[in-house]
Each structure stands twice: as structure tokens, then as C-alpha cells.
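Enquirer: Sequence:
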Amino acid sequence: MTQTDSSRGAPLVLDGFASLAERYDALICDLWGVLHDGVAAFPHALECLDELHRNGKRIVVLSNAPRRAAEVEARMNEMGIEPRFYDKVHSSGEDTWQHLATRPDDFYRDLGRRCFHFGPDRDRGMREGLDLDFVDSLEQADFVLNTGAHMAEDTIDTYGRELEAAAALGLPMICANPDLEVIRGGKREICAGALAARYEALGAPVRYHGKPHRSIYETCFKALDGVPRERIAAVGDSLRTDIAGAQASGIDGVLIAGGIHAEALGIEEGERPDPDKLARLFTADEQQPVATLPVFRW
1 MTQTDSSRGA PLVLDGFASL AERYDALICD LWGVLHDGVA AFPHALECLD
51 ELHRNGKRIV VLSNAPRRAA EVEARMNEMG IEPRFYDKVH SSGEDTWQHL
101 ATRPDDFYRD LGRRCFHFGP DRDRGMREGL DLDFVDSLEQ ADFVLNTGAH
151 MAEDTIDTYG RELEAAAALG LPMICANPDL EVIRGGKREI CAGALAARYE
201 ALGAPVRYHG KPHRSIYETC FKALDGVPRE RIAAVGDSLR TDIAGAQASG
251 IDGVLIAGGI HAEALGIEEG ERPDPDKLAR LFTADEQQPV ATLPVFRW
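Letter by letter, the sequence shown follows residues 1 to 298 in the numbering used here.
There's no promise every hint is true.
[What the hints assert, rightly or not] Capping the alpha-carbon separation at 27 Å, the derived lysine-lysine pairs in DSS-like fashion look like this:
hint: 1; residue 1: 57; residue 2: 88
hint: 2; residue 1: 277; residue 2: 88
hint: 3; residue 1: 187; residue 2: 277
hint: 4; residue 1: 57; residue 2: 222
Don't read these hints as lab results, they were simulated from the structure.
Turn these sequences into a full structure, and let the hints guide you.
Expert: The following block contains the structure:
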């Protein structure tokens, strides 16, 4: 365990989660960048989950994946992240689907039922079971469902004309993944959040589901019923979503430095981040995790 001068607000950098384990009874744990890289599970993360399980900790896996929770869980299990390691899996896609299915507020009740879907074929499970008409042109649509880019190599500009056309029509957009980018097998890809940010910049309305928005955490807290908020920590690799969401929800946030911020911190997987670089990053993003780990390990 290493701690820099706390009187100057410098970050706490730890080798693993064991030093924090006694503080918490439950974790809300990010998936991509913490437990796997989009291709394979991290062995150190599986070992950490096993130790947490042995110590009686409750785990909710919370992902900004634009897919139903059952699909997310099935993929986790294929990677070896076994059901014994966690209590519940929740996703931004599940939160989106539930809102489209139940229409719980005026925004959703006023949407209409003709939907244009921005997203790849792997996200078509988001359409199943919904009382919606999926249309092939923006001119036919009442709103846009955004689950991300079609191809790994796509950029925001790939969709520039479609986004401008949708904005000109004044179509509301539902964003099923607020992430701007993800690292899949070491390569960065844009996510639905990047398209939504461009859409908002065009003056068009966007409704987000997922971290850092507080509503998605309520489902997690229900799954952790009986655990006080001060005994829950959120673990994730993004200041913008995981740590900001934790702070907005009144729980501690623990940053995994070897994920989305590794390049900015100048580290390789498993390397300890420099506390001064961390401090500058935290100041720039106006976020303050309680601690930082190189990777999610015990």
C-alpha cells in the first residue's frame, strides 16, 4: 500500500483491493476494463472476485453495455466470470429496455412507437419484446434508439450526415450506453455516448441510461437491500461514468487505472500510476476516487 501526502489531497494508490476489503460489505463493479477486455476475462480479476466471495462480499455487476442484462451475463459466463462470483447483473441496455417497455414517465409516454435504430446487429436483442415499429428511414421515425457504431473502425464522422438529418427532424434520441469509447482487445472503439454527444451538440434532445446517471444505481441498491450506502463501493475504470456515478449516488468510488485512462497516465497493464499524474487527471475531470488500483486484483 502506498499513500502520498494526504494533506495536499494527493491520491491513495494501492496494490490491490485487499487493503480496502474491511471497509465495504458490497461492491457495484464495472465489467469492461475491470473484469474483462471485451475478449477475455482478466485472471487477476477472477482471483479478486473469488477472494471477495470467500469474504462474504456482495457483488452487483453494472455495465454500460447496450444489451439486455441476460445477454451480458451469458457473455460473462462464457468468459469464466461464474454466477457464484456475483449477486446480480444489470446493464444500461436493460434499463433502456425496461423504460421502453413500461413507459414510466411523460418523456416515454410521448415518444411514439416508430423507432429508428442506430446500432450493430449484435444489439438487435434490444428490439425483442417491445411494442415498437422499427423503421428503415429517419423520416418515418418518432425517435432514435442509439446503441452505438456498426463497425469497430467507425468514427463519429461516419454517422455525421445521419445525425444531422435526425437533429433537423427534431427526433428525440435514447442513448443506451453513455460511454464515449471502449478498449476491445487493446484497440479503442467509439460507443453510443460519443454519437449522443455529437447529437446534443447539434441541439437535439438525448435521454441517457446508464452510468453516471443516478437512476440506474437504484436497481443496484435494491439488489443490495440492507447494506448501508457507506458500506458500498463502486469499482470502475472511468472517471466520467464509474466514479462520477458513485459520487452522485452517495457511495465511494475506486478507480482502476489500467483501463480507459491507462494511456493518459502512461502506464501498461498492471503498472502503478504516478500519483502526481493521477492528481492532475482527477482535477481535470473534477472527480476524486477514494483509492486507485493498477488493475482489479486482490
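Enquirer: Now look at each hint and say whether the structure bears it out.
Expert: Each hint tested on the structure:
A distance of roughly 13 Å separates the Cα atoms of residue 57 and residue 88; the hinted pair therefore holds under the 27 Å criterion. With a C-alpha separation of about 34 Å, the suggested pairing of residue 277 with residue 88 is violated against the 27 Å cut-off. Note on residue 187 and residue 277: the hinted pairing holds, with a Cα-Cα distance of about 23 Å set against a maximum of 27 Å. This hinted pair checks out: residue 57 and residue 222 have alpha carbons roughly 16 Å apart, not beyond 27 Å.
Of the numbered hints given earlier, the model fails hint 2 alone.
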